[in-house]
Amino acid sequence: MTWITVVWPMVAAVCLTLGGINLRIGLSRPLDSARLLFALTAFSTATICALELAMMRTESPAQYQVFEAWGDINSALLKAFLAGFIWVYFRSGNLWLALAGPCLNAVALVTDFLPGSSHVYLKINALTTIKTFGGASYQVAVGEPSPWIVVGSLSTLMLLVFVIDASVRLARRGEVRRAIYIGGSATVWMAIAGTQSALIEIGVLHMPYLISVAFLLVVLAMSFELTTDIAAAARIGRELKDSERRMDLATDAAGLGTWTWDLVGKEDWASARAKRLLGLAASEPLTQARYLDAVHPEDRDRVILALDRSMRSDHDFEVEHRVQLHGAETRWLASRGRAERNALGHPILVRGVVLDISSRRGSELELQRLQGQLAHTSRVTMMGQLATAIAHELHQPLGAILRNAEAAELFLDHDPPDLDELRAILIDIRADDKRAREVIDRLRALLKRRSIEPRVLSVAEVMANIAALTRAEAAARGVTVEIDSAVGLPPIMGDGVHLQQVLLNLVLNAMDAIDSAAGAERLIRVRARRREGSEVEVMVSDTGPGIAAEKIEQIFEPFFTTKTSGMGIGLSVSRTIIEAHAGRIWAENNPTKGATFRFTLPTEEEMLV
Amino acid sequence: MRTPIAGSVYVAVVDDDENLRRSFARLLRAAGIRPITYESAEAFLADPARARIDCLVLDVQLPGMSGLELQQHLGTGGSKPEILFITAYDNPRSREQAYAMGCSGYFRKSDSGRDVLNAIKGVIARRSRAT
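Sequences listed follow chains U and H, in order. 317 is the number of the first residue of the first sequence in the numbering used here; add one for each residue after it. 302 is the number of the first residue of the second sequence in the numbering used here; add one for each residue after it.
Because the hints were derived from the structure by calculation, they are not lab data. Every residue gets a Cβ at the ideal spot worked out from N, C-alpha and C, and that includes glycine. It is possible that part of the hints are untrue.
[Unchecked claim] Reference listing, derived: stretches of chain U covered by chain H, where coverage requires no fewer than 3 residues with Cβ under 8 Å from a Cβ of chain H:
#1 710 to 716
#2 744 to 753
[Said to hold, decoys possible] Beyond 12 Å from chain H on every Cβ pair, some chain U residues (computed):
#3 LEU343
#4 THR427
#5 ASN441
#6 GLY553
#7 ASP558
#8 LEU572
#9 LEU596
#10 THR603
#11 ARG654
#12 SER679
#13 LEU683
#14 ALA776
#15 ARG787
#16 ASP800
I would like the entire structure built from these sequences, with the hints used as guidance.
Set out below in structure tokens:
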């Protein structure tokens, strides 16, 4: 038992082990060709070890030759597998160089199997025993070297160049460590083994071939690299589990259901919660078609439109829709998704979350209802204030009808009756009746509770209506109301009834303010103008006492009032209405006397944008 | 052929509402009276011929100078027309003031036309006798 008989088998064993492990890993899906090629290099090394050991112990030159030939084949295979491994693992390197080596090797191999020659020795004369340290001895061939050695060496040189080139390219790409370990070790091996075997063959050196033993270095380097991949994979797996657990916690806490639509394959996935929210059984797959099926029929078109738009424009898709569950139960869901695209930009995957917003929707509806109620209450309160004014407005047409009817009676007594006058009377009666009806309709419209129905409006029209409504009240209270709307105001999008209510509230407040100031100047100015930035501004200024500076925001709060009558909700409702129109309302004190209330409304074109 | 009862007695109607003014004037015409109409106290005062007005039918609620103010204003003038008020608001204080300053009648707009006509005819009779 010598060190030779220990070392060579050991090397073979190590290579077989590492090769076996990587073969097993490489064969599992997905196929890892780098690992498979590594396994093949390891196996060839093991085979070379065995053959080298055999060569060192054989007594017969003929046997030596045979072992040599098989050893050459395996060397060639080894070099080819090494080239292949570097090609696949580095993903760099010149293909021609990679192929050149094995091709030359193949040529050299052919000579091995022609009768009577080998690519190493033309003829083996004898075997000599060499004694070396540690009490070991081995056989070495003595003979004429073959000229085909050159071809073999050349192929090794090609491989060397290929490996160096591939390693440099890899290092330039940034993977310096991999380039050094594998590229470096392979280069060193080829240098050592190539030079050593050449020197042995031309008779300068007398020692065992160290090809396989030296290759252990490379095998170890490759194995080390491949196992760092395994370590990294294990770490990533742990991090993934961690991240998954964190996401589960987050989605659970937020009540989110998550889902994935695989647009290419069939790998759709949905969390249990997502399925529950959409009313699916736990075993049903949540495909895009099944999702759309679950959507309430009235909302389906909207959802499809949102999906479409998102697919085309690379924005997330966000949509709120109902789902129809068993029985008549509907549920409001908010769904949000994002598409993942391939290199060509086509969506291949959609990931999304879905959330139950039924309670929020319920609250929103309740809020809207309460706001509507509040607006109605405010209107009714104001209508009480306007009762006198309205009564007067009705008095006029009704009074005229009465006089006209009395006049008609008298005209009928004339002999002959004056038919022209009678006809004129009937026309006037009809007109006054219409006037009275309009007053009542306006009153009824203001009293009816309704949600905001926007349409294209002219601010001047609203102001003119207010002028008509407040004329009587202004006259009764001795206040002058000046209405001035700038010519050519752009139209706005709004609800005429609601905006009238706001303006009415402001004008009546102004009248109350003037009353409380009890000054000589009793003037209300209502103006409208266009502001820069597509807005229309309406202002109502009075000659009252003004507003205390610290209260100038507070007055818009509900139930804030400085009057003995009134509930103090007019301004807060006015703010709600203006803000629902995407405008602003605020108050300022005039530099001279009194206060001005201003509100802005976006123009129609601004709203359409 | 209608016989104008008024003869040379002139009646003026002041009301800012056009329809009321027209219908009231028509009623007077049906009764044989030919009134002159004004839309405000200022318009009446601006008319140089107003000195000849014998009977003034007046609304209390007027833009600018009110009916009562006009009554006060005329009270200081020369040949004072007799004033009848017709108002939508029956305010006891206004009524008191109007009578105190010597109006010949105070009616509501919803009062029967016959009553108002009778009052006007009374003024006309008084004024006719006077001339």
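Hint numbers not upheld by this structure, sorted from lowest to highest: Of the numbered hints given earlier, the structure breaks just one, which is hint 15.
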